[in-house]
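Could you put the whole structure together from the sequences, leaning on the hints where they help?
Chains D and B, in that order, are what the protein sequence lines are.
Position 113 of the first sequence, counted from 1, bears residue number 113 in the numbering used here, the numbering being contiguous throughout.
Throughout, the numbering used here is defined as the position within the second sequence, counted from one, plus 1000.
It should be emphasised that the hints constitute simulated quantities derived from the structure, not laboratory data.
Hints are not guaranteed to be accurate.
As the list claims (entries may be wrong) - Here are some, though not all, of the chain D residues that point toward chain B, as calculated from beta-carbon distances under 10 Å:
#1 Thr23
#2 Val28
#3 Trp31
#4 Leu161
#5 Pro162
#6 Gln163
To be verified - Derived CB-CB ranges, DEER-like:
#7 Ala29(D) to Arg1026(B): 17 to 27 Å
#8 Ala29(D) to Ala1062(B): 40 to 50 Å
#9 Gln1153(B) to Glu21(D): 54 to 64 Å
#10 Ala54(D) to Gly1145(B): 25 to 35 Å
#11 Ala54(D) to Glu1107(B): 46 to 56 Å
#12 Phe49(D) to Lys1007(B): 10 to 20 Å
#13 Gly1145(B) to Ser112(D): 24 to 34 Å
#14 Glu6(D) to Arg1073(B): 56 to 66 Å
#15 Ala50(D) to Ala1062(B): 22 to 32 Å
#16 Arg1081(B) to Lys111(D): 34 to 44 Å
#17 Trp66(D) to Gly1145(B): 38 to 48 Å
#18 Ala62(D) to Glu1107(B): 32 to 42 Å
Quick reminder that beta carbons are idealized off the backbone N, C-alpha and C, glycines included.
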Amino acid sequence: MELVGENRIQTLFSEQRLADEQTLPSFVAVWNRAQTKTYRPQRAFNLAFAGAAAVLVCALAAAALWSRQWQPDRRALVSVPSSTTAGPEQIVAATKDPEPKRWEQPRSSSKSRALRLAARRQALLLAANRKAAHEVKALASWQSPTATLLDSPSDELLKSLPQLSRAVDELKSFLPSSPK
Amino acid sequence: MDIAELKAELETLHSASFGWAMSCCRRDRAEAEEVLQTVYLKIFEGKAQFRGEASLKTWLFAVIRKTAIGEHRKNLLRKLRWSDPSEEASKQVSAADEPGQAFEKSETQALFQNALKALPRRQREALHLVFYQDLSLREAADVMGISIGSARQHYERGKKHLRKSLGPTEVAYGIGWRKQNPDAV
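Below is the structure:
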């Protein structure tokens, strides 16, 4: 069985209508008040709009600051010359940091954190560069263990260039002396 | 339709308009009066014009609904700002003195009002337009600015929710039992 049917709802609404009619303000009074009332522009809307704009600007500024703090420090990047074009001396010179940078005192915790991260990143990069320089040096001074087997007593003759003028003089000494 | 004719028509619809404004303002009498004033002002200034596309009642109710929604938004924004406590207190006192308050305090009506307030706005509007204003679902849909199918859905769901909210309470207060046993009391 339906406890609250349409009839019940209808009755409740009818009671409400009767109550409203008892408190009904007179039409003339409302009409006259409306005529005397000046229509105000929607100030609340403007305030809301201004508030929303302010919040948006603050959010954008915060996002810009945040992204700036998290941007990697470009100064910490050291370019390593390629091994094909540069010699070991150049690489060593490039990796040698003239003097370690002293980081500025952090103004805030977030800034100091960013600086610490950048410093750590630079230290890692420098260590990697030093390791690469050592490897290049080792490669440059490397000698094959069987290189001595290639040495022979005639290396001097084979590897040196013949001196033409001397050879001619030596040949002349073997020639019979011409009759004068 | 000139302003004198329109005024006469508005006068005949004044009672229904006030009831609808009360419903749109969640039974806040002062706000309903304010809304009605604003609506009359809009009509007087020609900002709301009746073009005869629907019946005058439907058009007027649509204007009242739109104005009430706008006023409600503005009031919400006003509440967000600092308000004068003395003004709030005087408002509360004047509201308590209203003659309608005694009626609102009656048990069944209070329960009914609470159940109505708990309903979603569109469901409440559909029920009010059909049961209070005796409009058809087509007219209710025109007032609410939705299709008749949607209006029917809101109406049916609203009825269902209202039954659910009022049903157990009536049983708790013995109303259901009294209905079943009218001779017992």
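Please write out, lowest number first, the hints stated earlier that are contradicted by the structure. 4, 5, 6, 8, 9, 12, 13, 14 and 18
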